[in-house]
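Q: Top to bottom, those sequences are chains A and B.
So the first sequence is numbered by our numbering: it starts at 1 and just counts up by one.
So the second sequence is numbered by our numbering: it starts at 1 and just counts up by one.
Hints in this document: simulated from the structure, not taken from any laboratory.
Idealized CB from N, CA, C, for every residue including glycine.
Incorrect hints may appear among the rest.
Facing chain A, a subset of chain B residues (Cβ under 10 angstroms, in silico) [what the hints assert, rightly or not]:
| hint | residue |
| --- | --- |
| 1 | 82 |
| 2 | 319 |
| 3 | 331 |
Computed spacing ranges between beta-carbons, pair by pair [unchecked claim]:
| hint | chain 1 | residue 1 | chain 2 | residue 2 | range |
| --- | --- | --- | --- | --- | --- |
| 4 | A | 93 | B | 349 | 39 to 45 angstroms |
| 5 | B | 66 | A | 190 | 25 to 31 angstroms |
| 6 | A | 88 | B | 122 | 52 to 58 angstroms |
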Amino acid sequence: MIRDLAELLVTKPRARGFGLAARLTIPLTLIVLSIIVAVVRKESSTIFYASSLVFTSGLLAYNSGLTRLLKGVQLILLFILLGLFINIVALAAGLTPLSLEKVLTGALRLSAIAFAAILLFQWVGIEEWVYLFSSAGAEGFARILALSMIQLPLTLRAFSEALLSVRLKYGGKYFTRILNPLLLHAMNTARSASETLLIYGPPAPVKTRMWRERDILLYAGLSAIALSLLV
Amino acid sequence: MRSEIAVQLEDLWARYSSGEWILKGLNLSVSEGESVLIVGATGSGKTTLARILNGTAGPIYGVEVKGSYKVNGVEALGLDPFILGLKIHVVSQNPYIHFLNFILEQDYRDYAKKVYGDRFEKQVVEKTLTQFNLRELRHRYFFNLSGGQARRAATGKALISDPEVLVFDEPFMWLDDKGVDEFLDMLHLLKRLGKTIIVFEHRFNRVIRFFDKVFVLRNGRIEEADLTALLRAAARKTLGTTLVQQPDKGELGEVVLKLENVSFGYKEPVLNNISLELRRGEGVAIIGLNGTGKTTLLKLITGYLKPWKGRVEVRGRFIYIPQLIHLFYTEGSLREEVVKLCKSRSGNEACVEEALKALWKEGLNPDKPPSKLSHGQMVKAAVLLASKTVKPDLILLDEPFSGLTYVDRFNLIKLLAETPSAKLLTTSSREFTSLLSNWRLLVLENGGLKPAEALEKPLNAVFSVELAKLLIGVED
Numbered sequence: 001m002i003r004d005l006a007e008l009l010v011t012k013p014r015a016r017g018f019g020l021a022a023r024l025t026i027p028l029t030l031i032v033l034s035i036i037v038a039v040v041r042k043e044s045s046t047i048f049y050a051s052s053l054v055f056t057s058g059l060l061a062y063n064s065g066l067t068r069l070l071k072g073v074q075l076i077l078l079f080i081l082l083g084l085f086i087n088i089v090a091l092a093a094g095l096t097p098l099s100l101e102k103v104l105t106g107a108l109r110l111s112a113i114a115f116a117a118i119l120l121f122q123w124v125g126i127e128e129w130v131y132l133f134s135s136a137g138a139e140g141f142a143r144i145l146a147l148s149m150i151q152l153p154l155t156l157r158a159f160s161e162a163l164l165s166v167r168l169k170y171g172g173k174y175f176t177r178i179l180n181p182l183l184l185h186a187m188n189t190a191r192s193a194s195e196t197l198l199i200y201g202p203p204a205p206v207k208t209r210m211w212r213e214r215d216i217l218l219y220a221g222l223s224a225i226a227l228s229l230l231v
Numbered sequence: 001m002r003s004e005i006a007v008q009l010e011d012l013w014a015r016y017s018s019g020e021w022i023l024k025g026l027n028l029s030v031s032e033g034e035s036v037l038i039v040g041a042t043g044s045g046k047t048t049l050a051r052i053l054n055g056t057a058g059p060i061y062g063v064e065v066k067g068s069y070k071v072n073g074v075e076a077l078g079l080d081p082f083i084l085g086l087k088i089h090v091v092s093q094n095p096y097i098h099f100l101n102f103i104l105e106q107d108y109r110d111y112a113k114k115v116y117g118d119r120f121e122k123q124v125v126e127k128t129l130t131q132f133n134l135r136e137l138r139h140r141y142f143f144n145l146s147g148g149q150a151r152r153a154a155t156g157k158a159l160i161s162d163p164e165v166l167v168f169d170e171p172f173m174w175l176d177d178k179g180v181d182e183f184l185d186m187l188h189l190l191k192r193l194g195k196t197i198i199v200f201e202h203r204f205n206r207v208i209r210f211f212d213k214v215f216v217l218r219n220g221r222i223e224e225a226d227l228t229a230l231l232r233a234a235a236r237k238t239l240g241t242t243l244v245q246q247p248d249k250g251e252l253g254e255v256v257l258k259l260e261n262v263s264f265g266y267k268e269p270v271l272n273n274i275s276l277e278l279r280r281g282e283g284v285a286i287i288g289l290n291g292t293g294k295t296t297l298l299k300l301i302t303g304y305l306k307p308w309k310g311r312v313e314v315r316g317r318f319i320y321i322p323q324l325i326h327l328f329y330t331e332g333s334l335r336e337e338v339v340k341l342c343k344s345r346s347g348n349e350a351c352v353e354e355a356l357k358a359l360w361k362e363g364l365n366p367d368k369p370p371s372k373l374s375h376g377q378m379v380k381a382a383v384l385l386a387s388k389t390v391k392p393d394l395i396l397l398d399e400p401f402s403g404l405t406y407v408d409r410f411n412l413i414k415l416l417a418e419t420p421s422a423k424l425l426t427t428s429s430r431e432f433t434s435l436l437s438n439w440r441l442l443v444l445e446n447g448g449l450k451p452a453e454a455l456e457k458p459l460n461a462v463f464s465v466e467l468a469k470l471l472i473g474v475e476d
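Isolated chain A, as found in the complex (with noise of 0.2 angstroms):
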């Protein structure tokens, strides 16, 4: 499941039909509304994040394939309903004062801001990244964000290696343990990683084209998507 993720996560070519800043915007705002309803909307938008879904799906989908697209959210999907089943032990045990149907909008609100957190990672490469804030003068951040780009599905790997490791270590105690050689393991990736950007020299900024014609579609969804706020 964690190789398959990782997979997800990687820049795909065909993201390239779309101009940048639709790239940019579509998956953000999607991200950010999903966060503002939350907060400020008291009443249900199960529309809105159904919606968001359907659409991040389908372009997911066009990027790698249905099938890979429901292998690498598996884990994410899991977690997701971990945490709908837990809800749902607990209302009914007279536990929490959330109803179904928030238990439910909360579940598919998590999904929507994942799937479109995905589609930035598949839909932004590394090296438009580095052009994007080193054009607005970030270049040591842009360094550090293409480093921690590059070493995530490895990075996925080890944590799943770690997980497995000190589950059976410790009998399936002390599991926040795991996070002690996970983060000693990022700072032995980060410093070798450090070496191939001098070495190599770091991802250049390539300047791709901001607008495209069919991009119009992706913001005819978004926007129908917002619309459905209204309904």
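Since chain A is already given, all that's left is putting chain B on it; use the hints.
A: Leaving out everything else, chain B in the frame of chain A:
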């Protein structure tokens, strides 16, 4: 052979943040087109030297360097690592860190563009992909490459700038036997291309004859080894060695692991109808090339993966020692590891005492942080910690020999022989499997397990250990 000096180190000193000097007036001269092997014990400074050679010791690790380091007669200390990389390129232990783009071809093109500009970028990349037989990997994600493929890909990338000198820091780390052969072929190719080659490696048995010279890094200095004399001395010592013995079949206990017709795969089937039974006290080594499903099999046993069909039954407690051994350790010192492990099985003071005694006996200071241990010590300590505290019914070891020196391998086999738990280890190399006496050797290929024979004679492995001891100056 040409006689110009490619790399010259004169009176080189190096230390980390005002600590003790690791390199102490080191001198080394490597001629153009020459190939040299540098061996040294763990902690002798091989990696520090590699970092100096690629120019990152100062900027990344804060190493203070004194003396002279010249490449083709030009002073290289303080040079920008990118500029230095056009003359001398170091392929580090971990080949996966060489990439800055997920897709291999794109990564090569990005680098080629920086070196040659837009005009020749494509041409150079195509040539490199063909030369190193990488065409079929060009569209792959770097993190999905096997260890051998990643090493080949990292070497290919290093050659894009056409450096005159290539340095490999422990190139056999994570390589299976096939990968080692491929790497040797690559060394021959590089030699034909007239490259100067420097290799830091402690698993040298199969490659030692390739090199023009062998140097030993010891006490902060480098000296050339008299290989003929050392080979003779190692042969003499080998004849006087006693081989490690595992308990014979009569002493085996109850069944702790049973696999019945287990099948599993990801996109394609990986394991087909695997059956295996393991008893307490028994040792099983599964030999297989990279990507044959060894780690997958271990993950099925641990319950991390569920089989497509068949049954996995494990009785009692078991421990998994991962290939990335540092992920096993969670505490600030070995002593804290012992206390935590004893607590996890409600062990008392006696449990702690027994484990600490065992660590001291093996020369491991319990107050040392695990991160300060060498790779070999980490593997050894993990086995000791498990066997003396948790006393598991089964210990699973994923590629424990990878990255170990010959001496560390020998010591680990001895330690495992004394461990009463059932042991299941995977290895991608047949090297040293001959020393696993009374172990069941199985080979994993085409999704199935079948009995295997150790291809080398036990004395050959012992010879490697003795030669390593003499080379790097380890006492018995």
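Q: Please write out, lowest number first, the hints stated earlier that are contradicted by the structure.
A: Violated hints: none; all satisfied.
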